[in-house]
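Asks: The primary structure of each chain is shown beneath.
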Amino acid sequence: MTKWIIGVIVVVLVAGGAWWFINRQSPAAGPQSNAQTATTTASGTSPSDTSNAALVQDAAAVDAQMSGLSSDSSSVDASMQDKPVTQSY
Amino acid sequence: MQPKHLLAGAVIATLLAPALAFAQAGAGVNASVTTGTNGATVRGTVSADAITNAKARADQEIDRRTSSLGALLTRVNAMARVDASFKATLATTIQNQITALSNLKATIDADSTLSTLKVEVQSVTKSYRIYALVMPQAAISAAADRVQTIAGLMTTLSGKLSARLASSTTVDAAASAALTDANAKIADAQVQATAAIGHISGLQPDNGDKTTMASNLAALKLARADIRVAQQDFVAARKDFTTILNSLHVSVSATSSANVQTQ
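So the protein sequences, as listed, match chains A and B.
Taking numbering that gives the first Met the number 0, I'd label the letters of the first sequence as residues 0 to 88.
Taking numbering that gives the first Met the number 0, I'd label the letters of the second sequence as residues 0 to 262.
These are computed hints drawn from the structure, not numbers from a lab.
Treat each hint with caution, since some may be false.
[Claimed, not checked] List time: in silico SDA-like cross-link candidates among lysine to any residue, alpha-carbon distance up to 20 angstroms: (1) B:K117 x B:N102; (2) B:K86 x A:S72; (3) A:K82 x B:T65; (4) B:K54 x B:T124; (5) B:K220 x A:Y88; (6) B:K238 x A:A52; (7) A:K82 x B:A213; (8) A:K82 x B:S122; (9) B:K238 x A:A59; (10) B:K104 x A:T85; (11) B:K220 x A:A77; (12) A:K82 x B:K86; (13) A:K82 x B:T124; (14) B:K209 x A:D81; (15) A:K82 x B:R128; (16) A:K82 x B:Q59; (17) B:K104 x A:Y88; (18) A:K82 x B:D205; (19) A:K82 x B:S66; (20) B:K117 x A:P83; (21) A:K82 x B:G69; (22) A:K82 x B:K54; (23) B:K238 x A:A77; (24) B:K104 x A:P83; (25) B:K54 x A:Q86; (26) A:K82 x B:A217; (27) B:K238 x A:G67; (28) A:K2 x A:W18; (29) B:K238 x A:S66; (30) B:K238 x B:Q147.
Excised from the complex, chain B in its bound form (with noise of 0.2 angstroms):
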């Protein structure tokens, strides 16, 4: 074969090479491209690749996020202490979240278009600030609820306790005193409970502002602890039950304290 010839063949195999590799390429979206030399080919390969890891990490953020808010429903429907407007008001609106994040993943999931998905994805990083409010604020509530029923209980205990060292024959002054230390305790954890209630009820998403996101996030500390003081409070009230129980001559260290180990 003649050089020209050979010269010819190679600028004809460069020329048509590009055109081969489009053609291979539009079968599938997912389609491997080899040459490298098209750039329309790349491009529609890379944008494919794009959408198809921008919906994965949505979907994965949509779920990470369904799954807390079902979670903390649950909890919030069983809370018997709280308001019941509020209660009623922050169920509405952890359903609202669930139901608006299931429609935003349906429409992400139907996107075809890298455009349009951009749009659906940034409302998923946007509602992140409902999402990072509500769930302390339904978390706070759900722990203020318990304190009031650990409360209850604990009232319920200390007025039993108040009638057996009344009708005992001796006077145990360490035990009144703790019945006295662990009745203050109570009623401080209470106090505690309603402040957590009333620093967090009234927040609202700050969609953006600065300003009202670090006064969101200063309030919801002050609940977080206040929650905390109101733990430390059981936790030393609960000493003192021990001491008038021991005082008393009974013996829970085979039930309640196993329980507080094992649950």
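The following block holds chain A by itself, in its conformation from the complex (with noise of 0.2 angstroms):
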């Protein structure tokens, strides 16, 4: 009789510490795998995302930004043409 109520309290034992180690498994998981899905490139898109829609939205992201360069390049053609007022005293 002991011999059966040590091994029932040796099975709700490890049973019990089965659930625990589990539960206690997954909310790691969770945040990781989160972060795994936020890595995105810098047009928006998933770096493994080869898909038309992220191609064309890649294509966008280049295209304003070389728009952005010719602003920039149009700002240092001025800064090398830059007139002072003229002081008077």
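Put the two chains together into one complex, using the hints given.
Replies: Structure, rendered in structure tokens:
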């Protein structure tokens, strides 16, 4: 009889430990998974997304920055052609 | 009335006129002079006009520079790809210039004599040498930073296009060649941007030294040429991408082309 009681206690302890172990692992897996899916390129697409929509979005991001470079280049030219207001005294 | 009396009255009136005019002018520095016969009064008014004019011109130039430097400081602070130390040095230099100009303007506005104002206005002219270097230096840095940003975006897009071409059942030689060319252009643009920063990062204001002025100008021109080459590289790479996208039957005309035209 005593052996049966000890056996039941051991089974309950093992089952409880297993349940605790599984519950402890699950929350940790969540953020890791989210971190993986949150990785995107500078244009907002996933690095592994080679769909037509992603390609179009990536190309649009390139074009927007190239437009900005044109503006930057104009600023360079303007800064090198600057003329001060003539001073008098 | 006797002719003698008339003559005496005319002489007295002539002698008193300058004194009356002086009293009138003394009421305010901007009062107009109508007699034109008293040298001291005319000089005083001309001096007041000169002070007003000198202050207006100095303020106009200081405001112009402060506005340009402020806009450029915002752009410099947004740079993400250049060396952090170089960026910090550039931002500090610009901020120091803005502060110096603000202080100079306050001093000029408080000046009341032409002699002291002359010294301050000369400072406006002298400080232009710093401004004339910092502005293109920062503008080129911002452009070089943008080149690196575009290179990153294009590299990502190139990788995706490469994957798509690799998974395609048919081999498009033109698309493959375009991809190779695009990658070469992206790499060259990055080299140009690095070279542009290298040309300008160590420049110092000339302080009136003609040799330094000439070498600074030469370095700025080289850097500007590098940025232009990088820009042309990107235009060529973008055309290559269009070739590849067309090969993959991906239409980008409705989005990306529109962005280029409107921004």
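Asks: Is the Cα-Cα distance between K82 of chain A and Q59 of chain B 20 angstroms or less?
Replies: Satisfied, since the Cα-Cα distance of roughly 13 angstroms is no more than 20 angstroms.
Asks: K104 of chain B and T85 of chain A were given as a pair; does the straight-line alpha-carbon distance stay at or below 20 angstroms?
Replies: Holds, because 16 angstroms separates the two Cα atoms, which is no more than 20 angstroms.
Asks: Hint check: K209 of chain B vs D81 of chain A, CA-CA at most 20 angstroms. Holds or violated?
Replies: Distance of about 18 angstroms is within 20 angstroms: holds.
Asks: Decide if the proposed pair is consistent with the structure: K82 of chain A and A217 of chain B, CA atoms, cutoff 20 angstroms inclusive.
Replies: 18 angstroms, holds
Asks: Verify the proposed pairing of K82 of chain A with D205 of chain B, using a straight-line Cα cut of 20 angstroms.
Replies: 17 angstroms, holds
Asks: Hint check: K104 of chain B vs Y88 of chain A, CA-CA at most 20 angstroms. Holds or violated?
Replies: Distance of about 15 angstroms is within 20 angstroms: holds.
Asks: Could you grab the alpha-carbon distance between K86 of chain B and S72 of chain A and see if it respects the 20 angstroms cut-off?
Replies: This hinted pair holds, its Cα atoms lying about 18 angstroms apart.
Asks: Is K82 of chain A close enough to T65 of chain B, meaning Cα to Cα at most 20 angstroms?
Replies: This hinted pair holds, its Cα atoms lying about 15 angstroms apart.
Asks: Within a Cα-Cα threshold of 20 angstroms, do K238 of chain B and A59 of chain A meet the stated pairing?
Replies: Holds: K238 of chain B and A59 of chain A sit about 13 angstroms apart, inside 20 angstroms.
Asks: Regarding the pair K82 of chain A and K86 of chain B, is the alpha-carbon distance no greater than 20 angstroms?
Replies: 26 angstroms, violated
Asks: With a cut-off of 20 angstroms on the C-alpha distance, tell me whether K220 of chain B and Y88 of chain A pass.
Replies: Violated. K220 of chain B to Y88 of chain A sits at ~34 angstroms, over the 20 angstroms cutoff.
Asks: Do the alpha carbons of K238 of chain B and S66 of chain A lie within 20 angstroms of each other, as the hint requires?
Replies: 15 angstroms, holds
In this structure, the earlier hints numbered 5, 12, 23 and 28 are contradicted, and the remaining ones agree with it.
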